[in-house]
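What follows is each chain in one-letter form.
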Amino acid sequence: MICRIGLLVFLLLASAAHGVEWQPARRDYSWSFPQDHWARSGYRTEWWYFTGHLTSEEEPRQRFGYQFTFFRIGLLSELPDLQSSWTTNNVIMGHAAISDLGSGRHLFSEVVYRAIPLLGGFGRYPDPVIAWSRAPAGTDGEWTLRWNGHAFNFSMRDKAQGMALQLTTRPAKRLVLQGPNGFSRKGEGPTAASQYYSFTRLLTEGTLSIDGERVRVRGESWMDKEFGTDQLGADQVGWDWFSLQLQDGREIMLYFLRNERGEIDFARGTLVSQEGETRYLNPGEWSVRSTQTWKSPKTGATYPSRWIVELSGENLRIVIVPELADQENRSHLVKNLFYWEGAVRIETAEGGRIGRGYVELVGYGTRSRPAI
Amino acid sequence: MTRYFVRSLGAHLRGGRSLYFLTIFGVALGVASVICIQIINRNALAAFRGGIQAVSGDADFSVLGRTPTFPERLYPEVLAEKGVAAAWPIYRIDVAVTDREAFFLDVVGFDFFAPVRMPWKGQRGDISNALAKHGWVAITPQLAEEMGWAVGDAFEVSSGSRRARLVVGALVDFQRVSPVASRKLAVMDIAQAQSLLGRRGQIHQIDIQAAEGTDLPALISRLQARLGPSVQVLTPEQRENLAAGLLSAFRLNLTALSLISLFVGLFLVYSSTQALLVRRRSEFGLLRSLGATRRQVFGLILGEVILLGGLGVALGLPLGYWAAEANVGVVSATLSNVYLLEEIESLQMPLWLYVLAALIGVGGAVAGALFPALDMSRKDTKSLLAVFTLHERVGSMAFPLFVTGTSILLGTGLWFWLFGWDWRPAGFVLGIALLIALPLFTPFLVQRITGWIRVRGFGLGYSLKSLGVRLQTTSFAVSSLAIAVTMLIGITLMIGSFRRTVEVWVNSSVKADIYVSTPSWRGRQSEATLDDDLVSALAAHPGVTAVDRLRKFFVYSGEQRISLAGVDMGLSGGETRFPLLGGETSEVFRKVRDDGAVLIGETLARKAGLGVGDRLSVFGPGGEVKLPIAGVYSDYSPGGGLAALDIRTMNRHFGPGPIHSLALYLEAGQDTERVVDELKARYAGTPLRIRSNRRLRERIFKIFDQTFAVTRLLQAMSLLIAVCGITLTLLILARERISELAVCRAVGAIRQQLFWIFVGKGVGMGLLGLGLGLVGGIALAGILIFVITRAYFGWTIQVYWPWLPVLQQIFTILAAAVLASLYPALRASQTPATELSRDDM
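If you read the protein sequences in the order shown, they are chains X and Z. Under numbering that gives the first Met the number 0, residue 371 is the last one in the first sequence; the count climbs by one each step, no gaps. Under numbering that gives the first Met the number 0, residue 840 is the last one in the second sequence; the count climbs by one each step, no gaps.
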């Protein structure tokens, strides 16, 4: 899930110009849970990423995909010595999206605030608040991410978009580290890596509001937490990322980073067994081939839109199909920030449904290089 | 006829150079005076508007404090309101650039992560530098060029008694957003602005963008209700209207004065047109006898006048712009020092000003020429070719005109007495009536005065007597001079009285020996404070016996912005600081000291209709505060006015805060200037403005004089127009009476005699204009002092006679009249006896 923080194009402005020293990801990182669910302030970027599929408890035909994310963007490794409550060294950014798979609507909401007590910030263990921010302008209340003792509770509201989420999760499977010891490489460079773990299957319930209608929902989510510094290689411009939950109880995470020529520069993956055992996948063990494209009428970006994924070692050949074509998130707060983040279903070559997941496509249709 | 107009034009222009020049000059000066003032008036507000656009360009409206700052905790409240699409906080502060006299930067502290459009393409590293590099500031390229600063250069500024080192981090061209934005705008992160230059926890403004389709008035109402009365939610237009309200009296007075200049200019145009027509009378007669219709003659005259008006506009526009440019500095100083608004840094001249100039110039010229042209075109051929007898008709109308003038004056006076007292612009109606009546009085008075003169020889008596004979020509010159003198004397008396009144007021209220403030303090600067330690150290300085502390900021009383001053009301002998207009001094001050009462300035009392026993309602951080009014004192502050209370009462209602300036009283026998030098040496590293009593007074009067600088320019322009009128009149007389002059030469008059006769006529007109103008000036001064300044500024001005300036002006006018007579006198003296015609025999 490398990629997500890189969405912050505006972080081009926030490099280590003022003697900022950040820690790179390390192979020998010593994990400590639950503390590592909270912010790790020595790293430049960090995010908590939730995606999932939900179904109305009252009307099972009503299905939704959702995304809820908090980003921490480190501006400075230490708080400047200033007599002001606006003093900060982090920005908090939140993205949330709901795809109404029945009506075909995709709603997106966002917040960007400097991390200060007035507007948002990051809690410290054992305070249950992991991250919070004010709701978007025009909406009363807050967006929050809290530890519930087993997993996470999170909520968001946006009156202008007419959407809200209030969800509780608990793990159906144990936490997995992505990459050996959670050291997830993103390129050949020495710092091109992040510390990365996931809850690949979280039982989820709560309420979802769309256009003022409040729906009790239940479903499954995928959670990623990642932190690191300078993760992208010099000529990497974007990435494709897949989180797939198979009906047989396995999960697959795949990502590949693209260079300016559109070629795959670096790729990795993880296969999680029914029992929660991980097998890290090298590029030779799998392939992803897109078979269709979709052009955004709003941004003009052309995204791949249907894929054939093959895992040779597992004798697995699956087709990934977007539930909706338009699940593009377009930021109004950050210039030139748009990406495709959408619910997908997994089918066999014959069209049989065998799972669901989420796909993220970043760096299409823009020359702005993500700054992670 | 068109062909004739075109072909004859060159010959006419060559033949009557001086007349044409004076007509064009008259129009040009009239246009220039109006355009100059309109440019200044417009740009005074444009500077304020430019500041709004540059800082709040994207905002639909803004939250502003009713006190200078308000708590930043209101920001999330704004964000939470439905219909708000975006909001961003602003911390705004004026800082003084060290080592540059009165050079201020308008530092705007933004939240760089708020969704606000900045005219700035940041470079890699800018944001982290802006957050963490102490003093990082983005300045305009214009300022960088002016100061010789480049990115990375450091400079020092002060806010109150705090110094800060700022570093140029980036160049931001605000003038791309708003062309009239100040080059002195500087942007830094809000945390840095608060920490280095201001106060923690407080902000000045929240700019807001409404969501598309939102009902703006409803959203403003909801926000106002949510945020409470300590702030106000205003659209950019409302903010501009508030500024316009502050400046309205200032702008109105300048406009009125410029219109007087225009009025005087119209007299000149009238006179010059008449002169042109006199000169070409026989030509029109010839044209008529050759078959030209009256309409054609009228068109011919009008065409020529329009052309002359156009030329006057072409000359008046650059002249007006130049005059505005020459005076923008002093007006700008007035705006920032007195009205606490943005300085004017560049002058913009919109299209409508060109249109206005054309309307004034050409319209004025046509208006001035209309009656003479109509008169000339209506004459039959015979009378056009006969001797000119225009004056006789005026002579017969002199008394009816006088009666009309008297009726206008009496009628207006009666109207004012009965109904006009409560109507604010009533003073201007009185002034206009006076300026209309004066010219109507002129023919009768000239006739009467010259009628009393007995001619004993070919000298001064003859000169003066002949003025009464050529009444129409003379009356216009005398009238225009009288109006100019009225304006000159009236304003001189008003300013002189005002200055003397302020002197008396300053003598009683500025009593301390030394005054200490900071370079960045310009009245509105709540942050320009003195550190507590510094105040203690200054109070403990050897020789200092008492200290008077002042904490001052603006607050809102209803919709009116007023200044609130907190001082130690228990200071021994301190009562003189507030000269009361009534009441028992000791009891009034006891109430202020012990009962939490307030003193209000006369300006505020008059504007708000408040008096002793009423309550002054102001908005503090906790909402509305009602302070009992114990007394009213003499006050000459501009704007909404001033109220003073005990500093403990102020701290109770507005929260404790640092003070803004300090007055030190020295032991008897101390050399004040020496102590000032000692303090300056001791606090050389601290940004302080330490002035002795004498220096402070000088500063007060420097600002006072600056305020009236443009007024003096308008006076000078009017006088110049009027003096041109004398020259013009004498040229007319020299031409009109050429036969009479030839007779004089034929009967033995020598050239010197004719020369001095004409100089005598000039002096005579100067004296008559002066006499009438003196009376008019005294009346105008009365209107200005007792009606207009009271209605618009709320000041009570004591009448003093500034003898010396008035005498100087009298001599200047007479000297100008002599100078204006020299050229016509020379022309007249050169008239040969051969100019006698058969008609004169």
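For the record, the hints were derived by calculation from the structure and aren't laboratory data. A portion of the hints provided could be inaccurate.
Unchecked claim - If we take Cβ atoms under 10 Å as the criterion, some of the chain X residues that face chain Z in the derived model are:
#  : residue
1  : Leu74
2  : Ser83
3  : Trp85
4  : Val90
5  : Tyr112
6  : Arg113
7  : Ala134
8  : Pro135
9  : Ala159
10 : Ile209
11 : Ala300
12 : Leu332
13 : Val333
Glycine included, C-beta positions come from ideal geometry on N, C-alpha and C.
Quick check: which numbered hints come out false for this structure?
10 and 11
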